[in-house]
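Enquirer: Sequence:
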Amino acid sequence: MKPFRIVALSTSLLLGAVLALTGASQAQADSRALAVDYVALGDSYSSGVGAGSYDSASGNCKRSNRAYPKLWAAANAPSSFAFTACSGALTSDVTANQLSPLTSATDLVSITVGGNDAGFADVMTTCVLQSESNCINRVNQARSYVDTTLPGRLDSVYNAIKSRAPAAEVVVLGYPRFYKLAGSCVTGLSEAERSAINGAANHLNAALAKRAADHGFTWADVVPAFTGHEICSAAPWLHSLNLLNIGDSYHPTAAGQSGGYLPVFTSAA
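Take any residue in the sequence shown, count from 1 to its spot, add 67: that is its number in my numbering.
If you are wondering where the hints come from, they were derived from the structure by calculation, not from laboratory data. Backbone N, C-alpha and C define an ideal beta-carbon position, used for all residues, glycine too. Misleading hints may appear alongside valid ones.
Computed beta-carbon distance windows for the label pairs [as the list claims (entries may be wrong)]:
id : residue 1 : residue 2 : range
1  : L308      : A249      : 16 to 26 Å
2  : L308      : S200      : 11 to 21 Å
3  : N164      : L196      : 23 to 33 Å
Using the sequences and the accompanying hints, generate a full structural model.
Expert: Here is the structure:
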């Protein structure tokens, strides 16, 4: 019986050593996985306008604690997190005001930008206040801008990101379509206007996806996540026109950030 006990003891010690080494290796892997330096750039869709719970220190940038960058950081505990996205930001604003946290150590960058350059706020104002023909003309102007001018502006900001953070994974997120066609809305814009606005969002997303690919960045399309949650749907994740808080209009709700943007970014990142 004595030899058997020695063998059993030796086996037990060996098994314990293997488990200890496995546990140490797993802990090291987990530590490496969490050692991420993350910077969140962009406009109001990244800052979280419409989601509420704004950081008072962010002022007019309206950075929300419910925005997808904050939610991702809370869930993943990166080793560093800089949140510089700002409401109303153009591509030029990102380059001028948001890039200082980027360094050669930055591992992950997220950005939404381009909608303000294309004038989508003015598009919506025109469509709400003016005639259908004026609305569609303004939409077509925005589409023309996306074709002729926006690519160069995106190149400028993407090149600046790459220059400052050459090793970073850069995730470019797009914009949702605003409207569910043939949905529950019985007043407001015409179906032709809603369709034109949706088409312009698709057009913008296609341009963003191409420029992202050309720079070696990751494209993250949020349209599928928001499908069924547009304005005029039964469970919208976007604010419609809000006369009591105009700034929230046509922006994601807190549910749109957590249920739409967050899982898309998490998957891409």
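Enquirer: Each of the hints needs a verdict: does it hold here or not?
Expert: How the hints compare with the structure:
{"no.": "1", "hint": "L308 / A249: 16 to 26 Å", "result": "holds, 19 Å"}
{"no.": "2", "hint": "L308 / S200: 11 to 21 Å", "result": "holds, 20 Å"}
{"no.": "3", "hint": "N164 / L196: 23 to 33 Å", "result": "holds, 31 Å"}
Violated hints are absent here; each numbered hint is respected by the structure.
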